[in-house]
Amino acid sequence: MIPTKDNAVQVDFDNAQARLKVRNMDVFDDHDLANSLTQGLGLPATVVPPNGIPPIFPVRAKDSFDIVWNGAIDTAQITNTSEQFKGTFFATQTTIKWSSEQEGFSFESEPPNPARNLLSVPGREQNGVFFT
Amino acid sequence: MLGAGLFHSKWVFAGDDDGKPKECVGPNPIPGGITALAPYGIFVHHNPLNPANPLASIHDPSQITGFDGFVGLTHIRGGGTGTDSTGATMPLAYQADMGFSKGKFIGTDGRVHQGTQVFV
Numbered sequence: 001m002i003p004t005k006d007n008a009v010q011v012d013f014d015n016a017q018a019r020l021k022v023r024n025m026d027v028f029d030d031h032d033l034a035n036s037l038t039q040g041l042g043l044p045a046t047v048v049p050p051n052g053i054p055p056i057f058p059v060r061a062k063d064s065f066d067i068v069w070n071g072a073i074d075t076a077q078i079t080n081t082s083e084q085f086k087g088t089f090f091a092t093q094t095t096i097k098w099s100s101e102q103e104g105f106s107f108e109s110e111p112p113n114p115a116r117n118l119l120s121v122p123g124r125e126q127n128g129v130f131f132t
Numbered sequence: 001m002l003g004a005g006l007f008h009s010k011w012v013f014a015g016d017d018d019g020k021p022k023e024c025v026g027p028n029p030i031p032g033g034i035t036a037l038a039p040y041g042i043f044v045h046h047n048p049l050n051p052a053n054p055l056a057s058i059h060d061p062s063q064i065t066g067f068d069g070f071v072g073l074t075h076i077r078g079g080g081t082g083t084d085s086t087g088a089t090m091p092l093a094y095q096a097d098m099g100f101s102k103g104k105f106i107g108t109d110g111r112v113h114q115g116t117q118v119f120v
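Residue numbers (this note's numbering), protein chains in the order written: chain S, 1 to 132; chain P, 1 to 120.
Calculated directly from the structure, the hints in this document are not laboratory data. Any given hint could turn out to be false.
[Unchecked claim] Here are the simulated DSSO-like cross-link-like pairs (lysine-lysine), alpha carbons at most 30 Å apart as the crow flies: (1) Lys97(S) to Lys5(S); (2) Lys97(S) to Lys62(S); (3) Lys104(P) to Lys5(S); (4) Lys104(P) to Lys97(S); (5) Lys21(S) to Lys97(S); (6) Lys86(S) to Lys5(S); (7) Lys62(S) to Lys86(S); (8) Lys21(S) to Lys86(S); (9) Lys21(S) to Lys104(P); (10) Lys62(S) to Lys21(S); (11) Lys104(P) to Lys62(S); (12) Lys86(S) to Lys104(P); (13) Lys5(S) to Lys62(S).
Extracted from the complex, chain P is given alone in its bound form (with noise of 0.2 Å):
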């Protein structure tokens, strides 16, 4: 399984023309989430897809708050091939849990902003 970084993620744009990331004012996190690997205790504000529980029951999909936009959310199992330095190959599975928010939103400088994240 791989995590992406849940932590040490900076408030960058990826991917500018130039190469370079460009700071920029983040979002709020939602007050709301799960805690993680209980009984350690991790909050995480996020809340995970319930393939159990019907649509119409979710909590908020959004990872961040003050946010008025699009939303997209994934649980999606899957396999693939892993390859190694000397080319050996190996099947791998996989758990993806992940998403978008798009649209304007309430900065930490407490100004509204536009923009799109994407939750890895």
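Okay, chain S solo, but in the shape it has when bound (with noise of 0.2 Å):
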């Protein structure tokens, strides 16, 4: 998680709705998910066959986005006793835009298309010591 300026994120919970958008924020670039989670040692053959993953060092990198949820498809009120949340929660069309920036690269995505979301949820919940 990382914090951020309150404004970054809008929410219109009566309408399904949430934005959250962020230019430039620095964040190391581990180019892939098994050097995120090993902080750059990769992972060994054994692990992954045949081949394992290598070991890359993050980079620093700056990255923009601009996620859209909007507008329910779905809706569904959550009690979960043994996760200890509650909410209301919305399945919802959404889309984002976003681009990366490093020394020697660039990364541009597309322009935003709500067919390539797969399910996305915005929401309003209490968990932890507020779930009671």
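Reconstruct the complex from the two isolated chains, following the hints.
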């Protein structure tokens, strides 16, 4: 989790809409998930046959992204006592537009496309000590 | 696929007006999550959304506990264009598993705080 300014997130809960917009956030590009989780150590071939995942040192990057959750497709009221969370959640149409820059490389995503969304969920919840 | 520092993010405010990050008190992670890269087994305090499961069956979409507020989570795939230092371009695919938490939370100091966090 990276703390950011409050105005980076706008929520219109009644209309199941939210937007997360950040520019030039300092992040580390770890190249792949395995190196992100192992802090650049990669994984040996015994874990990921046949060749493993080679270690790659993380590099500094700046990311900008604009994610828009836009209107309920489905709604659920959830009270989960085992995980100690409750709230109202929506499945929404959602799009993302993002870019990343680092020394010697940049990436620009395709235009926002709702068809790319697999499942995206905004909601209002309480968990932990706020569950009861 | 781009990973953005699941373990080495510092608890600072990004993009403050003076351009300098400010230290602050962070939240506590949810007790649950997934063990990624099985059987290597690295526990991550995050429940990825599974499109095969109904909305009513989702696990806690928040990454932080002691939380009361708005959350957002995504599971999106797409494509884009990478450009290297020579100007050569290449088509690339991505998967975004990102979100936010905005509201009050119990910080690591045991006190109530208000804030907005991004999950990248």
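Tell me the hint numbers this structure goes against, listed in increasing order. Hint 7 alone not satisfied by this model.
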